[in-house]
Amino acid sequence: MAIPEGLRYTREHEWIEILEEGRGRVGITHHAQDELGDVVFVELPRTGDELSGDDVFGTVESVKAVSDLYSPVTGKVLQVNESLEEQPELVNEDPYGEGWMIQVELTELAELDGLLSAEEYAAYLAEESGH
Amino acid sequence: MSRTSTVYNLDEPLIFEQSSPGKSAYSLPPLDVEDTPIEEILDPGMTREEVTGFPEVSEVEIIRHYTRMSTWNYHIDLGMYPLGSCTMKYNPRLNERTARMPRIATVHPMQEAALTQGNLELIHRLQECLQELTGLDAATLQPAAGSQGEMVGILMVRAHHEAQERPRRYVLIPDSAHGTNPASAAIAGYQVISIPSDSSGRIDIRILRERMNEDVACLMLTNPNTLGIFESQIEEISRIVHDQGGLIYMDGANFNALMGYARPGDMGIDVLHLNLHKTFSTPHGGGGPGCGAVACRGLLAPYLPSPVIEACGDGFRVNSDRPHSIGPVHAFHGNFGMMVRALTYILTCGGSGLKELTETAVLNANYIRARLQEYFHLPYPTPSMHEAVFSDKTLEPFGVKTLDLAKQLIDEGFHPPTIYFPLIVRGAMMIEPTESESKAELDAFVEAMIRIYHRAREDADAAHEAPRLAKRTRLDETRAARRPVLRWSPENET
Amino acid sequence: MRYISLTPEERQVMLQAIGVEKTEDLFESIPVGVRLGRPLNLADPLSESSLLADFKAMARKNASGEDFAYFLGAGAYHHFIPSVIDTLVSRSEYFTAYTPYQAEISQGTLQAIFEYQTLIAQLTGMEVANASLYDGASALAEAVMMAARVTRRMRVLVPEALHPKYRKVLGTYTGNHLSVTSVPATSAGSLDPEAVDALLDDRTAAVVVQSPNFFGVVEEMEEVARLAHRRRALLVAVTTEALSLGLLKPPGEMGADIVAGEGQSLGLPLSFGGPYLGLFATRDRYKRQMPGRLVGQTVDRKDRRGFVLTLSTREQHIRREKATSNICTNQGLCALAVSIFLSTLGKNGIRDLAEQNLKKAHYLRRRLSDRLVFSGPVFNEIVLRVDDPEGLNQELYREGIIGGLPLGTWFPSRRDQMLVCVTDQNTRRQIDRYIRVLQRSRVTV
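Residue numbers (my numbering), protein chains in the order written: chain Y, 1 to 131; chain L, 1 to 494; chain B, 1 to 445.
Keep in mind that the hints were calculated from the coordinates and are not lab data. Some clues are possibly wrong.
[Said to hold, decoys possible] Derived pair list, reagent style DMTMM-like, types lysine to aspartate or glutamate, alpha-carbon separation capped at 20 Å: (1) B:Lys-56 x L:Asp-314; (2) Y:Lys-64 x B:Glu-321; (3) L:Lys-401 x L:Asp-314; (4) L:Lys-393 x L:Asp-461; (5) L:Lys-401 x L:Glu-465; (6) L:Lys-401 x L:Glu-447; (7) Y:Lys-64 x Y:Glu-35; (8) L:Lys-355 x B:Glu-28; (9) L:Lys-401 x Y:Asp-38; (10) L:Lys-401 x L:Asp-476; (11) B:Lys-302 x L:Glu-12; (12) Y:Lys-64 x L:Asp-476; (13) B:Lys-347 x L:Glu-17; (14) L:Lys-401 x Y:Glu-35; (15) L:Lys-401 x L:Glu-374; (16) L:Lys-23 x L:Glu-50; (17) B:Lys-287 x L:Glu-477; (18) Y:Lys-64 x Y:Glu-85; (19) B:Lys-56 x L:Glu-49; (20) L:Lys-393 x L:Asp-459; (21) Y:Lys-64 x Y:Glu-12; (22) B:Lys-322 x Y:Asp-55; (23) B:Lys-347 x L:Glu-49; (24) B:Lys-56 x L:Glu-96; (25) B:Lys-56 x B:Glu-66; (26) B:Lys-56 x B:Asp-44; (27) B:Lys-287 x Y:Glu-86; (28) L:Lys-401 x L:Asp-459; (29) L:Lys-439 x B:Glu-10; (30) B:Lys-322 x Y:Asp-54; (31) B:Lys-302 x L:Glu-121; (32) L:Lys-355 x B:Asp-44.
Every value quoted in this text rests on a predicted model; they were computed, and no experiment measured them.
Sequences and hints are given; from them, build the entire structure.
Here it is, written out as structure tokens:
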């Protein structure tokens with residue numbers, strides 16, 4: 001199960017990648033898309049919406065399930081991945097790349113410290129599946 | 001031996017693909033009033049040229065089209081339909097005959113009551129039967145389906161608490177409940193608190209006690225619950241809820257297990273809905289119409305949807321003057337045609353017959369359970385009533401899942417059970433045979449299940465390929481949901 | 001008991017297999033305290049013949065379309081129903097099947113619903129339609145709640161000339177969370193765009209327009225749609241008389257965002273108010289906000305076309321309290337009947353039938369022009385000024401006619417008005433008789 005180094009993770013299975021100029025890119029993890037199965041629809045916020053850490057910013061749907069998407073950080077939505085409207089399968093095929101969901105403006109960098117590293121996320125998954 | 005054989009049926013394109021200009025399937029009498037041109041009556045901007053895309057076919061083609069398509073359906077007249085919680089019982093033909101009696105079926109709903117005394121009497125008699133069966137004081141037949149009945153019941157609960165000047169905020173719902181329960185509670189403006197089941201498959205009383213407080217409007221209970229298990233602590237549950245001023249709503253989806261044996265009104269239930277299309281044999285019609293009758297204690301009667309049908313002198317009246325009512329949920333009296341069928345059924349069976357049906361439904365379900373339990377895992381071994389819930393645990397080691405079992409049953413000539421519900425059982429298969437099945441039909445089903453069990457060990461791949469004998473092999477639901485095609489148009493013709 | 005197929009011997013074998021002695025043992029989980037310790041207080045079983053006699057006796061106490069000519073509409077209409085419909089919907093394969101969850105053995109129902117969705121989309125001029133809702137009134141309530149979800153606003157404008165029962169049902173559904181404001185009708189009986197504009201604000205989720213409205217008047221919606229859209233509100237079009245769409249410009253061509261309606265006119269008997277059919281259609285962009293079941297086209301593993309229930313993540317069994325609606329069962333068999341009706345009439349028949357309604361109603365309207373309350377154009381319903389509507393109905397009854405709806409029940413200021421409906425089922429002789437009785441009643445007053 002791919003868990004790239006350098007990204008930060010949530011316990012709700014989102015990732016955030018820190019880009020230049022205080023921007024972050026958010027998506028769901030390989031594990032999350034695997035659990036969901038074939039993604040058929042992604043509902044995303046509008047550009048300009050303000051999010052707080054832990055806010056639900058959208059939903060991701062498979063044929064028989066819906067999951068809320070939680071924002072890892074506080075900030076304004078700068079961009080949404082419009083390709084997902086036509087090609088929701090990108091979330092399955094390339095969850096850390098083409099399947100990204102939103103870009104946000106990072107306002108509270110300290111929030112990142114509360115998120116998991118790749119190693120911690122891997123341990124968290126191991127612990128979850130142990131149950 | 002499977003009871004299916006090679007399927008012989010005809011393919012059939014969409015009706016739109018058979019259309020050619022110049023064909024027609026209707027006849028109207030000649031116009032017997034003056035033939036004023038349309039444009040002299042309506043401004044040309046108000047009319048359309050034609051309904052673009054509507055088909056033009058002959059009457060023969062209509063009959064063949066719908067007949068050919070019909071042969072691709074499984075249905076209760078063909079064989080057992082063991083959908084748990086759906087109560088697919090035989091639909092008596094007598095019901096259809098009474099529902100089509102012209103002087104019953106061609107009455108207009110807005111006529112004055114004096115001219116509809118027969119139909120009002122019919123509704124009133126059915127209400128009285130349901131009150132006796134449930135042990136409750138009043139009833140309405142207006143809701144068009146169980147889910148609308150649920151909404152009505154919860155709105156009545158809300159109206160009651162508002163009359164006490166405390167609307168309350170929460171509704172308690174067990175984790176085994178139907179999805180309509182929380183959806184209905186949400187429509188009534190309530191927040192849902194889930195109550196987990198204990199290891200016996202019943203409501204966890206300890207947690208119920210913890211979560212019940214004066215801000216809880218009601219508990220929504222299904223009894224027997226969706227595992228088919230009777231909530232034996234119902235008297236204690238009733239005390240816990242009522243002591244805090246709460247009410248109990250019962251989802252009557254599983255009433256087929258109780259008729260003649262126990263009455264919700266005697267268990268402390270304040271309001272419930274009954275699905276006439278389940279317990280009272282009205283046909284499911286490929287997804288409706290149904291009827292979600294609601295019965296309640298006298299305490300809640302003022303809030304019943306308006307109008308109510310009441311006896312008055314030696315006749316019946318439609319009473320709309322009800323200031324405390326939650327209001328109507330249907331433009332007229334509800335799905336009246338379903339009431340005619342349900343009353344026909346109740347009067348045909350009589351009190352003794354209804355009890356015998358209940359006994360038989362419970363006997364049939366327990367027989368299946370007894371015969372299958374050495375092959376399939378019973379997640380809750382507590383005694384169950386009209387249905388039995390198994391899981392796919394014994395198939396799992398071979399990579400065969402509940403869905404594969406369901407699809408193989410199709411090739412064996414049976415409709416599959418309800419699958420993946422209740423949500424608290426992983427890989428659930430919920431089997432409800434109803435009283436309609438003979439022992440031979442039950443045995444054939446059991447043997448088909450056992451064959452599938454053995455086949456999982458021998459040839460898991462075959463399981464994944466089922467069904468092979470149906471009109472279609474497994475359909476691509478992902479494709480349907482990713483790029484929805486929800487109507488025909490000339491462009492998406494294939 | 002003829003609906004049971006077990007012999008006493010078989011019951012014994014089955015009890016043995018279960019490991020209990022008698023059937024009552026299977027009910028032991030019901031505590032003694034709540035068991036019914038007596039037989040049900042219901043009558044003894046009735047034989048088929050006795051039952052039929054019982055129902056015939058009740059039927060005789062009704063005045064029905066079997067013996068009377070109807071001039072009563074108001075949301076339920078007496079129209080021609082081709083014989084093929086009952087023949088086909090009576091096939092076991094349709095009426096004794098369940099909701100098509102198992103697609104492979106439900107292709108008949110699924111394809112029929114797919115065709116139904118297409119026909120309703122075509123009829124309303126919209127892009128997508130669902131597999132049906134309960135009736136016109138609850139369809140309107142669902143449409144308004146959907147508009148509130150889409151716009152995230154909580155206020156709705158409804159016309160005075162909305163069917164009063166629909167208005168009440170809307171109130172029951174939305175009373176806890178939406179505010180409903182009424183817009184008065186003009187002297188023509190139609191919705192006043194200026195009044196709409198004055199009431200529209202940035203909290204308004206939707207403007208509802210009914211056409212033909214409760215007074216029978218055909219509405220032109222374009223202007224109201226434009227005003228609503230300028231405020232980013234949706235236009236919800238509702239009809240109680242779907243047959244009119246065979247002739248009238250469809251709401252989809254007039255800017256409607258959601259169309260809700262009653263489908264009874266399209267092949268369903270009056271049946272004392274139900275089962276009828278809730279029509280529901282919308283724009284493609286709102287399809288994921290729709291309530292109710294939807295069927296979609298896909299392929300099987302051999303790449304053959306097939307149909308499945310789809311977009312089910314909107315629904316209660318998955319999304320539970322966050323579902324777009326609590327609806328579960330719809331009006332499946334009624335939708336099938338309407339599909340057969342629309343396919344049987346087809347492109348020409350739907351128009352011919354609608355035209356007959358229009359022309360017959362106008363035959364009556366022209367002859368009673370001095371009694372018209374509203375000047376606006378009508379389809380098949382007309383409001384007439386009558387001194388004593390109840391008394392007139394009595395007189396008409398003696399002539400074999402169910403007369404019309406006295407409006408005073410619903411609109412206290414309209415006690416001297418009656419809503420009259422003329423359909424394809426009314427012959428010229430009946431209409432003439434109606435006019436004669438009405439003119440006579442004038443003399444007696």
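Against the structure, the hints:
1. B:Lys-56 x L:Asp-314: Between B:Lys-56 and L:Asp-314 the Cα gap is close to 18 Å, so the pair holds against 20 Å.
2. Y:Lys-64 x B:Glu-321: 16 Å, holds
3. L:Lys-401 x L:Asp-314: 60 Å, violated
4. L:Lys-393 x L:Asp-461: Within the cut-off at roughly 18 Å; holds.
5. L:Lys-401 x L:Glu-465: Between L:Lys-401 and L:Glu-465 the Cα gap is close to 12 Å, so the pair holds against 20 Å.
6. L:Lys-401 x L:Glu-447: Status holds; Cα separation ~18 Å.
7. Y:Lys-64 x Y:Glu-35: 12 Å, holds
8. L:Lys-355 x B:Glu-28: 16 Å, holds
9. L:Lys-401 x Y:Asp-38: 18 Å, holds
10. L:Lys-401 x L:Asp-476: 18 Å, holds
11. B:Lys-302 x L:Glu-12: 17 Å, holds
12. Y:Lys-64 x L:Asp-476: Judged against 20 Å, a Cα distance of about 13 Å means the pair holds.
13. B:Lys-347 x L:Glu-17: 14 Å, holds
14. L:Lys-401 x Y:Glu-35: 16 Å, holds
15. L:Lys-401 x L:Glu-374: 18 Å, holds
16. L:Lys-23 x L:Glu-50: 16 Å, holds
17. B:Lys-287 x L:Glu-477: 17 Å, holds
18. Y:Lys-64 x Y:Glu-85: Cα-Cα ~18 Å, so holds.
19. B:Lys-56 x L:Glu-49: 46 Å, violated
20. L:Lys-393 x L:Asp-459: 17 Å, holds
21. Y:Lys-64 x Y:Glu-12: 19 Å, holds
22. B:Lys-322 x Y:Asp-55: 16 Å, holds
23. B:Lys-347 x L:Glu-49: The given pair, whose Cα atoms are some 10 Å apart, holds under the 20 Å limit.
24. B:Lys-56 x L:Glu-96: 14 Å, holds
25. B:Lys-56 x B:Glu-66: 13 Å, holds
26. B:Lys-56 x B:Asp-44: Satisfied, since the Cα-Cα distance of roughly 19 Å is no more than 20 Å.
27. B:Lys-287 x Y:Glu-86: 15 Å, holds
28. L:Lys-401 x L:Asp-459: Between L:Lys-401 and L:Asp-459 the Cα gap is close to 13 Å, so the pair holds against 20 Å.
29. L:Lys-439 x B:Glu-10: 7 Å, holds
30. B:Lys-322 x Y:Asp-54: 19 Å, holds
31. B:Lys-302 x L:Glu-121: 55 Å, violated
32. L:Lys-355 x B:Asp-44: 12 Å, holds
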